[in-house]
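Protein sequence lines, in the order shown, are assigned to chains A and B.
Going by this note's numbering, the residue at position 125 of the first sequence is 125; the numbering climbs one at a time, nothing skipped.
Going by this note's numbering, the residue at position 523 of the second sequence is 523; the numbering climbs one at a time, nothing skipped.
Be aware that one or more of the hints could be misleading.
What the hints assert, rightly or not - Simulated restraints, written as ranges between beta carbons of each label pair: (1) A/Arg168 x B/Ile404: 27 to 37 angstroms; (2) A/Leu290 x B/Arg153: 51 to 61 angstroms; (3) A/Ile18 x B/Thr339: 54 to 64 angstroms; (4) A/Met28 x B/Gln384: 45 to 55 angstroms.
To be verified - DSS-like cross-link-like pairs, simulated, lysine-lysine; straight-line CA separation at most 30 angstroms: (5) B/Lys351 x A/Lys39; (6) B/Lys481 x B/Lys379; (7) B/Lys71 x A/Lys51; (8) B/Lys369 x B/Lys419; (9) B/Lys379 x A/Lys39; (10) B/Lys320 x A/Lys39; (11) B/Lys71 x B/Lys168; (12) B/Lys369 x A/Lys3; (13) A/Lys51 x A/Lys39; (14) A/Lys208 x A/Lys123; (15) B/Lys481 x B/Lys320; (16) A/Lys39 x B/Lys168; (17) A/Lys51 x A/Lys123; (18) B/Lys379 x B/Lys369; (19) A/Lys39 x B/Lys71; (20) B/Lys379 x B/Lys416; (21) B/Lys168 x B/Lys81; (22) B/Lys369 x B/Lys481; (23) B/Lys379 x B/Lys320; (24) B/Lys369 x B/Lys320; (25) B/Lys416 x B/Lys351.
Said to hold, decoys possible - To give an idea of the chain A side of the interface with chain B (calculated C-beta under 8 angstroms), a few residues: (26) Ala29; (27) Gly32; (28) Lys39; (29) Leu49; (30) Gln82; (31) Leu106; (32) Ala224; (33) Asp253.
Derived by calculation from the structure, the hints in this document are not laboratory data.
All figures in this text were calculated on a predicted structure; none of them were measured in a lab.
Idealized CB from N, CA, C, for every residue including glycine.
Now for the letters of each chain:
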Amino acid sequence: MTKFMFSRLLQSAMVLWIVYTATFWLLMATPGNPFVGEKQPPPAVLHALAKRYGLNHPWHAYWAYPWRAITHGDLGPTISYQSWTVLDIIRQTMPVSVALGSMALLLALWIGVLLGTISAVFKGRWPDAFTAALSIAGISVPSFVAGSMLLLFFSVYFSWLPPGGWGRFSQLILPAFTLALGFLAYIARLTRSTMLDTLSADFVRTAKAKGASPLRVVAHHAGANIAAPILAYLGPAAAAILTGSFVVEKIFDIPGMGQNFVNACINKDIPLVLGITMVYTVLIVVFNLLVDVLCARADPRIALR
Amino acid sequence: MVRFLLWPTVFLLILGFLGMVITSPASSTGQVLVFAANGQIHTLDTAGMTWMQDIRAAMGLWEGLLEYAPKTLQPIAGIAKRWTVSPDGTKYTFYLRHTARWSNGDPVTARDFVFAWRRMLHPTARAGYVTMLFHIKGAEAYFNALTHVHGPRVPFSTVGIKAQGNYKLVVTLARPCTYFLDLMPFPPFFPLNRRSMQPFAPRRGLRYGDYNLRWTHPPHLVTDGPYKLTQWRFGQYLQLEPNPYYWDRRAVRCGCLRLATYSDNQSQFLAYHAGEVQIVSSVPAALGPALLRQQREGLRLDMHAELAFGTSFLNFNCDKAPLNDPRFRMALALAINKTDLVRGILRMGEKSVNVLVPPDTIAGYHSPKGLDENVALAKRLLAQAGYPNGHGLRQLSLLTDNDISINILIAEAIAKMWKANLGVRVRLVSEESKTYYEDEVAGNFDISRSNWFGDYDDPTTWLNLFRTGNSNNHCRFSDPKFDSLMRQAALEANATRRFALLQAAERILVDQQMPAAPLYQFSNGPIYNNQEVGGVYPNSRAITLLKYVHFRRAWLAHRTHSPVAAGAAP
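Okay, chain A solo, but in the shape it has when bound:
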């Protein structure tokens, strides 16, 4: 276990470095000057700006940046939002994305498992067909379409839910559901196929034979076996939900990290892009590690090496 953790940490550091370098190169290669705008300040002011953000000597900044991040916990100032540092922005926007993401994951998990189980139990009958149609729709309809439709019906036509914004639980429902859709559909398909395999296994027949109720057979006996694949999927799903919430944040006007990431790229806000990329990378690495450990605990046949 110790050896496993050590090698994984080493790999993670490598991944971080590669991602950081690639991001920096791409940023340097993209056209556009972060300091120009509709009104041009005098050259001396432009020079002072470039100096402040280390862009007179970008390669120096490139080496100094991770070092300062590690030693001072300082990710530097942002270019577009001068009153804020990169760390400030991550600190204020990450909890928003995390709250939205975890609610979405929760919805995806419960509804997905429930739908998948129902469709396995009623295989070939109308609930199965209904769930199949729903999952295909969930996987194939992009979130900007689903989100806009939900917004149109639930808040513009019926005025049941607020059209967006952040702060109240009711404002969380539509975006969380939109974000959950694709993952929900995948979990439903995953649950269905695993459940079908399990339901035809010998121990399920034995459980039925000894007189266990159908509900208990499905929920207790068979249900325990779908844990591993779904847990394994949750790790990448969590990372994808956190990093992929841009569209949903934009539609429902949620002040999360995804929106700022894309805006930072458009504004060529180099420190902010680097900072958020690093946070995303760390999250993905950590989630994958967590899932590996959890899977090993859930299934003794998996050994951590």
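Here the structure of chain A is known, so what remains is to put chain B in place on it, guided by the hints.
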């Protein structure tokens, strides 16, 4: 199944709950008036401000020597209760109110102005509007000396900003400036409370410029205006509450004001419609025409669109052949049907113009007539320039930004008109704003679609763009006659004669040289329900003075906000 679902569920619930609790807005007592604007507040450092939303917030937080009168936007007494101007128009003496106080209780003194203005003149303050201070004697030389680290030192005593005692500020200008007082309510001229900024002062040498910008965050930010800053959530809102020490505290009738940030004005409008927002700063482009129609049909009363202090025009790159020929530029400008653009594409009440300075927005300034669309003349001029019917002409590039989709439609329409009317072929280049501005500054274009919004109440805010060597002169236009008229105007102390000189200068641009083809004057304005909110005075300059904004008492008494009251759904 339940057991394996239990732990992730608990974990996710805790995460979601924590995230919500940390980030949801703090509840506040009393009525919160929400003013929604596009885009984030970028900075609350008065020196670094260039964005409209930052400036609007600053005008609610700070007060300069003078402030704007709510309806006319004429400068009236602010922190200075009276002022005198020397007969030659170069020496301004401001007498400050003894009752003016900062939000921490400190008295506002002349030294606070000297400190703020001096700091702004340091390149390390990174002030985008620093050139506004160059009206002051010695300011430009002081700034330039500081930009050259190894050059000769220029002492601050040579700059014409002097505090005489606590309550008298004497400003000496380099040359008369008829609109100098109009600049006073603008953020670069606001004072700063040095004592509260002290903990954030730079450690090394650069004493004035490079403060740690944490001083702009609550609770550190100390301001002298109607409001003080109580909360600032990134990407969400800025919360203002009345400054208890403000000298005109009684005029501030709003207990709690939130400046909310929305990523686009469509979601702003949805929030307004749901009753969560009271004022929307601008009309969403996609819904605009429909909303305006409803207003005209009497279905809603909450649109307050006005012609704006901004124009759209095409920049011609005067460095590049064939655009270096005025006849060629004129031909292109005369072959555009502006009415089609305004009525067919924009449809938000914009007005086609033949001049660059928006007509009838500056008191006392009469715009030249300019040239109307004239395809026959355009064809003749094109032939004279050596390209009859576009023969022998290379393909020209038309640069536009694509942040607002309507800009691309405008560019496409113009390209089509040129093809049909003149046989001129144009390639569209649409870029994201940062790349677009970079190409514009570097001159990587033949023609670029551009806008300009005026900063102060004077034609020079536009005409300066076409002076030789101006950093915003993207046309690379240079005309000795125009430059000389602008120089004469700068030295002229008589307002009428000065405006006549400026009119002659603008006539050179729009009648003879055409470095830029005027297209249309923008139209926009806030959306709010007049019965609900008072103290908003829509104006061409899109300045909303937060000081006067308030809920109507009658509205609060029987608060029945419903979308029907605000207007029907689009």
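Evaluation of the provided hints:
{"no.": "1", "hint": "A/Arg168 x B/Ile404: 27 to 37 angstroms", "in the structure": "holds (31 angstroms)"}
{"no.": "2", "hint": "A/Leu290 x B/Arg153: 51 to 61 angstroms", "in the structure": "holds (60 angstroms)"}
{"no.": "3", "hint": "A/Ile18 x B/Thr339: 54 to 64 angstroms", "in the structure": "holds (57 angstroms)"}
{"no.": "4", "hint": "A/Met28 x B/Gln384: 45 to 55 angstroms", "in the structure": "holds (47 angstroms)"}
{"no.": "5", "hint": "B/Lys351 x A/Lys39", "in the structure": "holds (24 angstroms)"}
{"no.": "6", "hint": "B/Lys481 x B/Lys379", "in the structure": "holds (27 angstroms)"}
{"no.": "7", "hint": "B/Lys71 x A/Lys51", "in the structure": "violated (43 angstroms)"}
{"no.": "8", "hint": "B/Lys369 x B/Lys419", "in the structure": "holds (27 angstroms)"}
{"no.": "9", "hint": "B/Lys379 x A/Lys39", "in the structure": "violated (35 angstroms)"}
{"no.": "10", "hint": "B/Lys320 x A/Lys39", "in the structure": "holds (23 angstroms)"}
{"no.": "11", "hint": "B/Lys71 x B/Lys168", "in the structure": "holds (28 angstroms)"}
{"no.": "12", "hint": "B/Lys369 x A/Lys3", "in the structure": "violated (82 angstroms)"}
{"no.": "13", "hint": "A/Lys51 x A/Lys39", "in the structure": "holds (20 angstroms)"}
{"no.": "14", "hint": "A/Lys208 x A/Lys123", "in the structure": "holds (18 angstroms)"}
{"no.": "15", "hint": "B/Lys481 x B/Lys320", "in the structure": "holds (21 angstroms)"}
{"no.": "16", "hint": "A/Lys39 x B/Lys168", "in the structure": "violated (33 angstroms)"}
{"no.": "17", "hint": "A/Lys51 x A/Lys123", "in the structure": "violated (66 angstroms)"}
{"no.": "18", "hint": "B/Lys379 x B/Lys369", "in the structure": "holds (21 angstroms)"}
{"no.": "19", "hint": "A/Lys39 x B/Lys71", "in the structure": "holds (27 angstroms)"}
{"no.": "20", "hint": "B/Lys379 x B/Lys416", "in the structure": "holds (16 angstroms)"}
{"no.": "21", "hint": "B/Lys168 x B/Lys81", "in the structure": "holds (11 angstroms)"}
{"no.": "22", "hint": "B/Lys369 x B/Lys481", "in the structure": "holds (19 angstroms)"}
{"no.": "23", "hint": "B/Lys379 x B/Lys320", "in the structure": "holds (21 angstroms)"}
{"no.": "24", "hint": "B/Lys369 x B/Lys320", "in the structure": "holds (28 angstroms)"}
{"no.": "25", "hint": "B/Lys416 x B/Lys351", "in the structure": "holds (21 angstroms)"}
{"no.": "26", "hint": "Ala29", "in the structure": "violated (13 angstroms)"}
{"no.": "27", "hint": "Gly32", "in the structure": "holds (4 angstroms)"}
{"no.": "28", "hint": "Lys39", "in the structure": "holds (6 angstroms)"}
{"no.": "29", "hint": "Leu49", "in the structure": "holds (5 angstroms)"}
{"no.": "30", "hint": "Gln82", "in the structure": "holds (4 angstroms)"}
{"no.": "31", "hint": "Leu106", "in the structure": "holds (4 angstroms)"}
{"no.": "32", "hint": "Ala224", "in the structure": "holds (7 angstroms)"}
{"no.": "33", "hint": "Asp253", "in the structure": "holds (4 angstroms)"}
Violation of the numbered hints given earlier is confined to hints 7, 9, 12, 16, 17, 26; the remaining hints are satisfied by the structure.
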